[in-house]
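The hints should help you fit chain B onto chain A, whose structure is shown.
If you're matching them up, the sequences are chains A and B in order. So for the first sequence, the working numbering puts the first residue at 15; every next one is plus one. So for the second sequence, the working numbering puts the first residue at 128; every next one is plus one.
Where hints are given, some of them may not hold.
[Stated by the list, open to error] Which residues of chain A face chain B? A partial, calculated answer using Cβ under 10 Å:
id: 1; residue: D175
id: 2; residue: N242
id: 3; residue: L251
id: 4; residue: E255
Keep in mind the hints are simulated off the structure, nothing from the lab. Glycine residues also receive a C-beta, built at the ideal position from the N, C-alpha and C atoms.
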Amino acid sequence: MKCRRCRGPAVLEVRRHNAAFCADCFLHHCREQVRRAVHDHDMIRPGDRVLVAVSGGKDSLALWDLLLDLDYDADGLYLGLGIGDYSDHSGQAAKAFAAGRGARLVEVDIPSEYGFGIPDGAAAARRVPCSACGLSKRHLFNRAAVDGGYDVVATGHNLDDEAAVLLGNVLRWSTEYLGRQQPVLEGGAGFARKVKPLIRLGEREMAAYCVLEGIDYIVEECPMAEGNRHLGYKNALNEIEEQSPGSKAAFLFGFLDRVAPLVQRTAEEEREGLHPCPGCGSPTVSEVCAFCKLVDRAGGHHPARS
Amino acid sequence: MRVLLRNPRREVEVPGPLRVGALLERLELNRESVLVIRGDTLVTDDAVLEDADHVEVRPVISGGAT
Chain A
15 MKCRRCRGPA
25 VLEVRRHNAA
35 FCADCFLHHC
45 REQVRRAVHD
55 HDMIRPGDRV
65 LVAVSGGKDS
75 LALWDLLLDL
85 DYDADGLYLG
95 LGIGDYSDHS
105 GQAAKAFAAG
115 RGARLVEVDI
125 PSEYGFGIPD
135 GAAAARRVPC
145 SACGLSKRHL
155 FNRAAVDGGY
165 DVVATGHNLD
175 DEAAVLLGNV
185 LRWSTEYLGR
195 QQPVLEGGAG
205 FARKVKPLIR
215 LGEREMAAYC
225 VLEGIDYIVE
235 ECPMAEGNRH
245 LGYKNALNEI
255 EEQSPGSKAA
265 FLFGFLDRVA
275 PLVQRTAEEE
285 REGLHPCPGC
295 GSPTVSEVCA
305 FCKLVDRAGG
315 HHPARS
Chain B
128 MRVLLRNPRR
138 EVEVPGPLRV
148 GALLERLELN
158 RESVLVIRGD
168 TLVTDDAVLE
178 DADHVEVRPV
188 ISGGAT
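Same shape as in the complex, but just chain A (with noise of 0.2 Å):
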């Protein structure tokens, strides 16, 4: 098989762009398609602090790589959720990628902080791991971009998830939840803007990035995901990929242009209930926010402000 680009012997073969690149070829797809995706729905502008979502997996790792070699202020952030082994492992992916690349990192770690870790927050609160983790990071990466000044909290969502996750969404006719499906969610008071420069690539495709780059990122998968909901979403489409590639990416990018306008009205209703928190000051639509709420379940405490 040929590269594409430049006709040298391929290392890796994208069927849905019925391409084929060598190392350096595929390099340059993966900034060209993040450019091109922050650039198209206008993600981070200039004199932006980027703050960097790090799990110590390969796509928010291969992110952070890509937005530096883009030229972007980008510091990273990286949670500990208190899940074991797995935390450790993945902590110190992210502090050695830091490190290698000269970058800032800035560490929270929910159990010394909050006083709980996320399986047994996620026990007491009655809620599913995934659910518990979701909300937590959510929160938190909000939290930690409001509190250090940034305009931009980056994460490392990647084709295949978006696609999984409207799949899910589409499944259930979430309106509320497909509402929010954007790119880019802007921000406002007590929000950074969020962000996803990854939509344009795949997630076989990001791992094949850290591969080549080097980027020494944690290959296992959390032991608190396995079976849930979502893995079975992306099995299914990659059933359908396999079948016919292309498929992914014409349901992600259909919705985004076609059906996400129709259904946007209804994130924006939900936004105009915000109002902060009395626990933690954060935005949130209910009397107390859902972190808080999973704060008080699990035991657990606000940091001390100084």
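This is chain B only, laid out in the frame that chain A set:
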């Protein structure tokens, strides 16, 4: 050839020569969900793997919180 699989981590022995695509079929793995690495280099579906090769089939799907 010796083939390293993950989640859980284990090794299996598969006779070569064999194309990458045929290896994945034999292991009943979806091409979209893995990378194939020979030594420390990525290889495409049409590459032929030999008996002496050390091969890793690395899953790329990650799930959990979004």
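So, going through the hints one by one against the coordinates:
Hint status for D175 of chain A: holds, given a least beta-carbon distance of 6 Å to chain B, under 10 Å. Checking N242 of chain A against chain B by beta carbon gives a least distance of about 5 Å; that is within 10 Å, so the hint holds. Restraint check, L251 of chain A versus chain B: the minimum CB separation of about 8 Å is within 10 Å; hint holds. Proximity of E255 of chain A to chain B holds as hinted, the smallest CB-CB distance being about 5 Å (cut-off 10 Å).
When the structure is compared with the earlier hints, no violation turns up for any of them.
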